[in-house]
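A.B. asks: Read off the chains here:
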Amino acid sequence: QQPVQSPQAVILREGEDAVINCSSSKALYSVHWYRQKHGEAPVFLMILLKGGEQKGHDKISASFNEKKQQSSLYLTASQLSYSGTYFCGTEMGGGSNYKLTFGKGTLLTVNP
Amino acid sequence: EAGVTQSPTHLIKTRGQQATLRCSPISGHTSVYWYQQALGLGLQFLLWYDEGEERNRGNFPPRFSGRQFPNYSSELNVNALELEDSALYLCASSLSIGSNQPQHFGDGTRLSIL
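In order, the protein sequence lines correspond to chains A and B.
Take this note's numbering: the final residue in the first sequence is number 123, and no numbers are missing along the way.
Take this note's numbering: the final residue in the second sequence is number 116, and no numbers are missing along the way.
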């Protein structure tokens, strides 16, 4: 089941904040976040495991609410380099069934 | 450290032909994943190989197949190509299986079907 990302697109001015949400209809074991710039490979940002911990990476942080089956990515004081498409990848089970199911992505544009 | 490398960068085929895409993982990584990225659909999981074995596959027809070699590099084969197979095919590798292992992606192979 593909997770639903919202919003589909967001435009910011440099220095503004943004939140990207990722929701699943099924219970999640982990959530992975990636950023892909146009014409480039997706780049790993962070992994959140069930347990509700919040992670941070520079001015980008994320939370995972396993009860609500959703994760949110927070971008603070956005920089031009934050522009790109953000994907969440969700895992519903480990072992031999391990796989990531990615959302359709959120296009983030940061303008000067 | 060299990243994930994929070849060729671009591949143009016609309907009914067969395509072979190649991937070399990061040194020390044993798991290789294949994804299809078609416009507007995000990344669709195709296949997962680990230690030479196919561990899981996504909802794709059997004409999508692959293998992993003893050096952990991998091939994706697509037979009887159809127009809708046109997409960017991404390969990723990880250190091992497990929820806490990030996947590192290559730049992809752009497959165009005429």
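Keep in mind that the hints are not guaranteed to be accurate.
Claimed, not checked - To give an idea of the interface, some chain B residues facing chain A are shown, with a C-beta separation under 10 Å as derived from the structure:
(1) V6
(2) W50
(3) G108
To be verified - These stretches of chain B come out as covered by chain A in the derived footprint (C-beta under 8 Å, 3 or more residues):
(4) 43-49
(5) 62-70
Treat the hints as calculated values from the structure; they're not laboratory data.
Each residue gets a CB set at the ideal place from its N, CA and C atoms; glycine is no exception.
A.B. asks: Output the numbers, in ascending order, of every earlier hint that fails for this structure.
C.D. replies: Violated: hint 5 alone.
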